[in-house]
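Novice: From first to last, the protein sequence lines stand for chains A and B.
If you read the first sequence in our numbering, its first letter stands for residue 3, the second for the next number, and so on.
If you read the second sequence in our numbering, its first letter stands for residue -5, the second for the next number, and so on.
Fair warning: there could be bad hints in the mix.
Covered stretches of chain A, as calculated for chain B (at least 3 residues, CB under 8 Å) [to be verified]:
# : stretch
1 : 191 to 205
2 : 259 to 267
Short, incomplete list of chain A residues facing chain B, as computed with Cβ under 10 Å [what the hints assert, rightly or not]:
# : residue
3 : Ile29
4 : Tyr31
5 : Ser76
So these bits of chain A aren't anywhere near chain B, every CB distance computed over 12 Å [stated by the list, open to error]:
#  : residue
6  : Glu68
7  : Ala73
8  : Glu81
9  : Gln82
10 : Ala85
11 : Gln86
12 : Leu93
13 : Arg115
14 : Arg180
15 : Gln181
16 : Glu187
17 : Ile250
To be clear, the hints were calculated from the coordinates, so they are not data collected in a lab.
Computed from a predicted structure; not experimentally measured.
C-beta: ideal position from N, C-alpha, C; glycine also.
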Amino acid sequence: MVKAGAVLQVLPSRAAPRQRRFPWGSIGYWVASLLFIFVSVFPLLYALSSSLKQGRGLFSPALWPEAPTFANYSGVFAEQPFAQNLLNSLLVAGSVVTLSLGLSLMAAWAFARVEFRGRGLLLMLILSASMLPQVAVLSGMFELVRAFGLYDTLGALVIADLVLTLPFTVWVLVTFMRQLPKELEEAAAMDGVGVLTLVFRVYMPLLWPALVATGLLAFIAAWNEFLFALTFTLSTEARTVPVAIALISTPSGFELPWGKIMAASVIVTLPLVALVVVFQRRIVSGLSAGAVKG
Amino acid sequence: MLLVLAAVGGWPLLRTIWFSLTDSELADLGDYAFIGLENYVGEYGLLASPEWWQAVGNTLLFTGLSVSLETLLGLGVALLLNQASRLRTLLRAALLVPWAIPTVVSAKMWSWMLHDQFGIVNHHLLALRVIAAPLAWTADPQLSLFSIVLVDVWKATPYMALLILAALQMVPVDCYEAARVDGVPRWQVFRRITLPLILPGLLVAMVFRTLDALRVFDLIYVMTSNSRDTQSMSVFVREQLIDFGLVGYGSAAATCLFFMIALLSIVAMGLLRKTFERAAA
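With the sequences and hints as input, model every part of the structure.
Specialist: As structure tokens, this is what we get:
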């Protein structure tokens, strides 16, 4: 991939003499690219702008608010347990990431290194679990959650979200672990190291980039999850942010408080966008490792 | 780990299928009677329900429209990203923005932009005289499904583009070199070299998106709630299961959706395997 990219960068200069007549191609490229960037980013900018407007100002389409105010932001925190909701989301996403990385690291080791019957079939089964429609496990999960007395608690969401994250964390980590040299393990066996030490002391540091990528993907999946969070919580204090945002309404119930909804949306989205932009290379490699090799 | 996955995935799935053969209700899950296939083929069964078929139709229309648009646009964006340019980093960062935004948030953002009275979309379309009167993007039954498709395309095209880009970057550079030496026109290069070589990757991406679109829930639930005109199969299931408390009936619908997706995955896997073998040969 690196090689291909390097060669491609050489190409335009070689092709340049032929395009000297009129650069239609590069104009088209710039127009299309800028249009695409605009369309991708504009809704977020507009949400940011709306979140700073209040009262009648909200109904003006101007991108730059006339009298910027943070009233919507303080309102979100004052009128409902939004801080609690944020904390819930963080707790759920954090535990989901930790659990699914720990579990799938062990599973990935088994799939990549241990020969056993039905390995391919089992791996296929795990991959197909990621195609599972969430509603198909909804009633069974509901029963399970109630049986454990976890209804309306964050534990229910952690358990439920594992269905979403485990299949792809296992899948991606297996593809990465297969690329590591077998000698490592032989050396470790020579030194008489146990399996757990091997997995967590030898492989984990080596797989660090892959772990960051899959961990981020799992974090985003859990942070954004809506259906389980909506169904398995009841009280406003147990909600995660997506549910809280979806259910924001005015006491009178007539028109939705758009300014506050946009403020909450911005709070939830900006950290994610920042994370994603910082780690963009890692995320892209994680996403394509999960799909291309499938 | 397998035990955990079996416990959180396999067991609830089996319970759902079992519930679908009973008349259980949400209020008391323990108290139910086995009623066989009554939920499916009975007088008030799923297969006789116009609402269910409407949900099936909505889901299929949504999936067909959004996946084909996403494939076309995703291919275009991937081609843009595959060019070496000063814009590339910015382009990739912009690409990840819609993808990273939670679905609920993008649904809300777009609902606000598409608001019939105060929305910026109507405002500009009116100013440009494209439309004569404000359109009720999310409330008008003729329009709401298309608004939902629009938002889904906005959100999912980046994912598609990334997968296609990964396929594009695996095309050997020699092929392009050889084509240029022979003076093959650009369009022909794309059709005869690029497209056949990325086809397997493109198909994988399409299958992933299709399976994902078939179970759509968040977007539709947040934008139009339980409205019949846009209800997808997943929204239908949740409405029956939780809002109406009909666990047996809702589970039957969920089971149908599950088997549809399972069947489609098996067919798709078979087709993909064939394409890969042909590509390898």
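Novice: Would you assess whether isoleucine 250 of chain A, listed as outside the interface, keeps its beta-carbon beyond 12 Å of every beta-carbon in chain B?
Specialist: Isoleucine 250 of chain A not clear of chain B: closest Cβ-Cβ about 9 Å, inside 12 Å.
Novice: Take a quick look at leucine 93 of chain A and tell me if its Cβ sits farther than 12 Å from every Cβ on chain B, holds or violated.
Specialist: Holds, since 17 Å exceeds 12 Å.
Novice: Per the CB criterion, is serine 76 of chain A less than 10 Å away from chain B?
Specialist: Where the cut-off is 10 Å and the nearest Cβ of chain B is about 20 Å from serine 76 of chain A, the hint is violated.
Novice: Do at least three Cβ atoms from the stretch 191 to 205 of chain A come closer than 8 Å to Cβ atoms of chain B?
Specialist: violated (count 0)
Novice: Quick one: see if chain B covers the stretch 259 to 267 of chain A, three-plus residues with Cβ-Cβ under 8 Å.
Specialist: Per the Cβ count (4), the hint holds.
Novice: May I ask you to check that arginine 180 of chain A keeps its beta-carbon over 12 Å from the closest beta-carbon of chain B?
Specialist: 17 Å, holds
Novice: Could you check if tyrosine 31 of chain A really has its C-beta closer than 10 Å to a C-beta on chain B?
Specialist: 6 Å, holds
Novice: Is the interface hint for isoleucine 29 of chain A satisfied, with its Cβ closer than 10 Å to some Cβ of chain B?
Specialist: With Cβ-Cβ at 13 Å, over 10 Å, it is violated.
Novice: Check the non-interface label on glutamine 86 of chain A: least C-beta distance to chain B beyond 12 Å or not.
Specialist: 18 Å, holds
Novice: Classify the label on arginine 115 of chain A as holds or violated, using whether its beta-carbon is more than 12 Å from each beta-carbon of chain B.
Specialist: Correct as stated: the minimum Cβ-Cβ distance to chain B is 14 Å, above 12 Å.
Novice: Regarding the assertion that glutamate 187 of chain A does not contact chain B, is the least Cβ-Cβ distance greater than 12 Å?
Specialist: 19 Å, holds
Novice: Just want to verify: alanine 73 of chain A was marked as not at the interface with chain B; is every Cβ pair farther apart than 12 Å?
Specialist: 17 Å, holds
Consistency note: the structure conflicts with the earlier hints numbered 1, 3, 5, 17.
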